[in-house]
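Colleague: Model the placement of chain B on the given structure of chain A, informed by the hints.
Chains as they are written, first to last, in the working numbering: chain A, 1 to 222; chain B, 1001 to 1265.
These are calculated hints, taken from the structure and not from any lab test.
Please note that the accuracy of each hint is not assured.
[Claimed, not checked] Label pairs and their computed distance ranges (CB to CB): (1) A:T78 with B:D1105: 50 to 60 Å; (2) B:L1097 with A:E190: 27 to 37 Å; (3) A:G167 with B:I1065: 55 to 65 Å.
We treat Cβ as the ideally placed atom computed from N, Cα and C, and that holds for glycine.
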Amino acid sequence: MITLRAAILLGLCFVIVVGTRCSCCKCDEVDVKYTSAFKEMELVSLDNSGKDTASVVNNTVNRNAYAVKMVLLSSIGTLAHLPCRHFDVFIGSANAMGCRCSSSGKYIPTDSIISISITDLEAFDVNTPANSDISSRFRYYDSYAGGSYIEVDQLLSSGRQSLLYPGSYYSSPADPMASLQSGLMFMLMEPPASSGIHRFKFSLLLKSGIRIEQTTSTIMLQ
Amino acid sequence: MKKITALFLFLIIALSAPAQNPFEFKGKIFAHASAGYRAPLKKYFRGTLLDDMISLKNNSVVIGITHYYFFRNKWGVFLDMAFAPSRPKNRPESDLLRFARYKKDYYLNNNGGWSAAGNTDGRYSFGGTYRIEKNRWRFFALLGVGMTEFEAVEDIKRLKEKNSNVNYTAELIWNGRFNDPDFQTAFLTSAGLLSGYRLNKRFTAVANVKLSHFATHFEYRLQRTNQYTKEYFIDDIYSYKRGAIDITASMGIMFTPDADRRFRK
Chain A
1 MITLRAAILL GLCFVIVVGT RCSCCKCDEV DVKYTSAFKE MELVSLDNSG
51 KDTASVVNNT VNRNAYAVKM VLLSSIGTLA HLPCRHFDVF IGSANAMGCR
101 CSSSGKYIPT DSIISISITD LEAFDVNTPA NSDISSRFRY YDSYAGGSYI
151 EVDQLLSSGR QSLLYPGSYY SSPADPMASL QSGLMFMLME PPASSGIHRF
201 KFSLLLKSGI RIEQTTSTIM LQ
Chain B
1001 MKKITALFLF LIIALSAPAQ NPFEFKGKIF AHASAGYRAP LKKYFRGTLL
1051 DDMISLKNNS VVIGITHYYF FRNKWGVFLD MAFAPSRPKN RPESDLLRFA
1101 RYKKDYYLNN NGGWSAAGNT DGRYSFGGTY RIEKNRWRFF ALLGVGMTEF
1151 EAVEDIKRLK EKNSNVNYTA ELIWNGRFND PDFQTAFLTS AGLLSGYRLN
1201 KRFTAVANVK LSHFATHFEY RLQRTNQYTK EYFIDDIYSY KRGAIDITAS
1251 MGIMFTPDAD RRFRK
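Chain A with its partners taken away, still in its complex shape (with noise of 0.2 Å):
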């Protein structure tokens, strides 16, 4: 009796195994994935005194309403995969229609930013000298979940760095974009507590030990 269940158990087994790897199919089609490096940034000075954002006129502006957008700019890369297999249990026919290749996909970052630091270049305030950390002092904006401000440092461990990456999906493998960009708003929530002129340095320093870094033009807080 042992003997017949430990056939039939083999003999399923066979099955599973013969059927499956029969039903695979072959094609000649390459399954290309695409990913994304961090290049370089942009910074956009922005005036939020309005009831939308704008860019800053004259570089001057209303310190309360102070805003930098960060654009990070990635480019493409080219990541080569098994030539595509599709799995159809039991249908053994191996023809291209059982075959197909994932028409899109989203890119894959080949580096994760580690930390993300602003500084003034000039003399925040009287207490704060010029190249001094103040990153604290910025916000991005989360207008999800009833509105909340995520500090520049928690950015990263919040659930929300996914930001940062560019998340644009290619529709096609043969059709990637051309550039990637992402960015965020990060606001100036506690300004300086008079007028003057900065100049704000976004500093971005990637696992591999890359650092990405650009100043905003020279502002009129006012």
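Modeller: Here is chain B on its own, set in the frame of chain A:
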């Protein structure tokens, strides 16, 4: 009040009619379905901006079902359910008006919320009833307590402070926290008179007048919260601690399944 006086006169005239079996009470159980109109004697709404966030109505068509059980020949109890099935209030224009005070210092974002009270306006009462029956006439007097169920919706809008990076939320809340359940109940007392004319053994045509009083004890707070500092400010309070009196006149059909069941004289 004229309607009440007319009903009393009708009652007296009916009772003074010649009698054949003055104390012949038949039936223990009655069910009564009616439709009518409710009009205020003391209005609940006084024309303030938030009135349309509350599903109660000053005037309304009313449908109702009442059950009676008589444990003695003259005395019984009743359970009454009345609904105001008119269309729900729907006023998108006033959504922004409620927050219009902020227009001077803030930009108003209308994507924050939507507040339209539903159609909930139900009254449930129970109490005692006394009846007089004479020939084909049947008169019930009712005194009851219960509750009125209604909806008091809340609203939220987002504000952006002018010349600033600071965003606010403005909320109209009545129970301290947004997204609390919107349903409320208010204590209700009612007194009613019913006169009926027996059409046959089981069915009676009835006319009913009912006086009701209810009182609510809540208030809306207009609360503004700085989303950066989390500091909040109570900018206004709209009190709905008030009572209302209304009168409902209705007509309907009463059914008794045990018409042959007699009480002892």
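Colleague: If you test the structure against every hint from before, which numbers come out violated?
Modeller: none
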